[in-house]
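Given chain V, work out where chains X and G should sit, using these hints.
Protein sequences appear in the order of chains V, X and G.
For the first sequence, my numbering assigns the number 1 to the initial residue and increments by one for each residue that follows.
For the second sequence, my numbering assigns the number 1 to the initial residue and increments by one for each residue that follows.
For the third sequence, my numbering assigns the number 1 to the initial residue and increments by one for each residue that follows.
Just so you know, these hints were derived from the structure itself, not from any lab.
From the three backbone atoms N, C-alpha and C, an ideal C-beta is built for every residue, glycine too.
This list has only true hints and no planted wrong ones.
To spell it out: a stretch of chain G is covered by chain X in this simulated footprint if at least three of its residues, at any positions, have a beta carbon under 8 Å from a beta carbon of chain X; those stretches are:
#, region
1, 32-46
2, 143-154
3, 163-177
4, 283-294
According to the in silico footprint, chain G covers these stretches of chain V (three or more CB under 8 Å from chain G):
#, region
5, 127-138
6, 185-198
7, 216-230
8, 236-250
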Amino acid sequence: MGLSRRTLLTAGMAASALPLLPAWSQAAAAPRTGGRIRVAGMSSSTADTTDPAKGALSTDYIRHHMLYSGLTEYGADLRPRLALAEAMESSDQISWRVKLRDGVRFHDGKRLNAEDVVFSLTRHLDPAGGSKVRPIASQFAEIRATGPLDLTITLTGPNVDLPAMLAQSHFLIIAAGAKDFSRPNGTGPYRIKSFVPGVSTIVTRNEDFWKPGKPYLDEIELIGIPDEVSRVNALLSGDVQMVIAVNPRSIHRIRESGAHEMLETPSGLYTNLIMRVDGGITGNPDFMLGMKYLFDRELVKRALFRGSAIIANDHPIPPFHPFFRADLPQRSFDLDRARYHFAKAGLGPARLPVYASTAAEGSVDMGSALQEYGARAGLNLAINRMPADGYWSTHWMKHPLSFGNTNPRATADLVFSQFYKSTAAWNETGWKNERFDRLLLEARATANEPLRAQIYGEMQEIVSNHCGTAIPVFINLSDGYDKRLKGLYPVPVGGFMGYAFAEHVWWEG
Amino acid sequence: MSVTVDEIKAGKAVSPGWVAQLPLSGKLGLGLVIFWIATAIAGPWLAPYDPGAFTHQDVFASFGAAHWLGSDYLGRDVLSRVLSGARYSVGLAAAAAIAASCTGTGLALIAALAPRWLDELLSRFIDTLISIPSKIFALVLVAAVGSSLLLLFLIAAFIYIPGAYRIARSQAVNLAQMDYVQVARTRGEKAAYIAIREILPNMLHPMLADFGLRFVFIVLMLSGLSFLGLGVQPPDADLGSLVRENISGLGEAAPAILVPALAIATLTVGVNLLIDALPRRHGSKEG
Amino acid sequence: MAASPTSSESGNAFLLLLLAKRVASGLLTLFLVSLVVFIISGLLPGDAAQEMLGQSATPEAVAALRQQMGLDQPAALRFLRWLAGLLGGDPGFSMVANMPVADIIASRLPNSLILAALSTLVAVPLALTIGITSAMRQGGRLDRALNTTTLAMVALPEFLIATIAVLFFAVELRWLPSIALVPAQGSFLDLLRALAMPILSLSIIVVAQMARMTRAAIIAQLGLPYVEMARLKGVSPARLVLVHVLPNAIAPIVNAMALSLSYLLGGAVIVETIFNYPGLASLMVNAVTSRDMPLLQACAMIFCCAYLSLVLIADTVAILANPRLRNR
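Chain V extracted, bound-state conformation:
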């Protein structure tokens, strides 16, 4: 009992702490050192940043993982591993003792100590700091250095997932007092060589990186190519060696070229239809169910994503997740049931506007499909395609019907507490389910895995049946790369190996 209540994450725990590489990557020849590659992310603008706290887009996350390291990091199995932390333990999931790795140096030569970590984590609480993860960081009650390499993180409530939470790029460690990010100073695998927002980031190998033998490449140039067709063409023409976020329609072109390969990562990324509880008819439980039956998930998977997706069941936990509940009946396309529920909800002939945007991947086409089938089930939908520009601030969650898009989260707790807890800032549907809220807190305090699986299982059922969110599929993350680039494996929290490819890959060209 006492042991199971105690969460321990140390380098000694082989099962969860060693990198779990796929067999083929271990069988390959030893990594080669040297080489220069150029990789393309999907965005680049003057808002590009080297401040981890302000990272807004995938290109930022990639840049930050090149320059900085975190206390923990993600592996292929979605479980956190230790990185700058040598040990992280807690008996009550509230007070966490962290011991830092000794001998880690920043790019400017300064030694990593507990003060750096305290500074790096505490700054997220400053309202004027512009941190993207302030709502998550609000769990920090106190962070205190207890020695040169020791610190204690005290939370406002128990959270067994703290190690996983800290592996996000926003919580990467910077030097204490760092304010000027034009010369970023981290402990990461690469040092900055040049950084021009909206144009490119060039990094060179950090010879003093704390992981022995790593990284392998001499230099990486990270650029952003927002246009997907251009991005794929740049890969195929040999101008870049790896591209993120390949449209499923381009996959066969990349494979056909012979010189390129796809890294497909099943993920928890989803685009969902949001039905607000306060939106009139959209708050009607029968209307919600009708809409969920109206989704032709097979069509969405086949036509919109060309099979590069996994069918979802109207809750945010993907099938490969350790806590996925397999015995929950899969909802499928059923016009009769949709019609029945719409009739029961008293749906009239009035046009219901639904807001979609390219900002939420695939939402415009999903809307078109719903409109098409809806017409046969007595539903009159009007699609309002909004510019990606300003979509999140003005339309997302602001209308009775709108589409949202949620990036993969490493833990069930993160996605549930950020999007489904009744008090969450992004409680998209505005629902309030007391049982769900109670279970969420209970799971955080529970270290016993089977018990947690049971709790999260019930939460999946509640969301699937009672929450106004319709999640048709989970979208695979698709990266294209030059075959001479080695050492890649999928990490389901994001493209480019959970954005952290830089330290793992090598070039055989």
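Same frame as chain V, but now just chains X and G:
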């Protein structure tokens, strides 16, 4: 100089035989224009499928019996989508181009004959609008006010007025200095008479040529807007949007992208061929 | 009736006066542009703080960031401050990029100017040649061929042309890079190679309009009595068009050119996007998207200046070539 005016009247009056008098390129242009106008009007009724319906299992399918022009990136019928998309490109772009050219020409005539301060004021205001890049201007306007059909029409017209104005003004100012206009002035003709009877007919042809291009630009601007993620609301799409949304089919030469591209090309080339071949007042030697 | 030589003294004085007047009215236009940008951007949903926080915009985070960025001040006040700063030569500070606007512009403007200049060098001679040739052969086979070619060139969306060019020259043949990466150090040839496809795409777009306007303007003159007279006198066709007709037709031609060339800066947004070229047009779209007002205004000012200079050049050329326009 009144001879000139008579000539125009004569040129315009010969309507019965004017089609026969068109050069081959003009007849071709006329044919294309009539074809597209007919398609724009009748297209939605001719479409074999609902343009929004997912009717094909495969995406980017090639030509076939059930789907003559194959399927698009979602497995929708390309023929139906082109037939129902034509009216946006033809109707919206033509209406906006006409509005822009007429307004621009009208303002230019006013500027050419009005007191200098009014000319100055108009020109400064037009300069202001024209110096903001049109696509970015459109992007901002659509983001600010929305993109219903009426708004798209107004935005497109508004954005292309300044260009038409500048071209027209330079013509009008030039013509206003011509001897026969000066003669008309000394004759004591009203400004409106001079503008409509003496200046307008002589700038008609360059303005028509400009109109043809402006029409092309608006068709292309709509497609440019769809490139930036705006434009006509789905599941409807103008021809440019059809090209844009199927661009990933380019590598496999799917009809889904070739057909709308060809449609735009024939539409815009047709309009311009016709305009080029229209009889003009000087009656070129070759006829 | 052709351009008759005037005394160069009065001509110069006239041009100086024109220049002075243009600078004054140019300043007025610039002010109007900034006002229009200010008003329209006020209609845009959201502000820089909201856009920066994106999906993570909670009301309190937005409020805090707004205060930090100075967005809690009234918009009009911010505009006036910006205007005052500009008059003092300071285009302001971009809170989004956390950099002075001048620095951002300085890194992008040369790129845009290079691309525009090279495209002009390709497009203008080409357009003049096409326009004049087809006007001289009006109705002939060559005219029709040139006409159809220029039409076909504008008849397709530019993103399609650019994408086809990339597929062909970069992906298939691998002759040219698919993205225009400006070499930090490299010869002029490297630059040309990197920019070849953007130049091609941009030239195609602007050549058509310039060529067609040139043709139309010259043809409009060809039917006038003075041309007939010159022809009867036995002036050779080439000399007739270049010496007698062109000066009279120059006003609409140079005006069309000014318009087309200003497109090379601000209209290059799609070409910049497809070739991932860090120019001013995509920077301005960026500024719109992130609601970065000082940056947006600076871009608008630059485009306006470029346009005004082009128009001034056009008018000067027109007046030099056709003295009668001086009365106006």
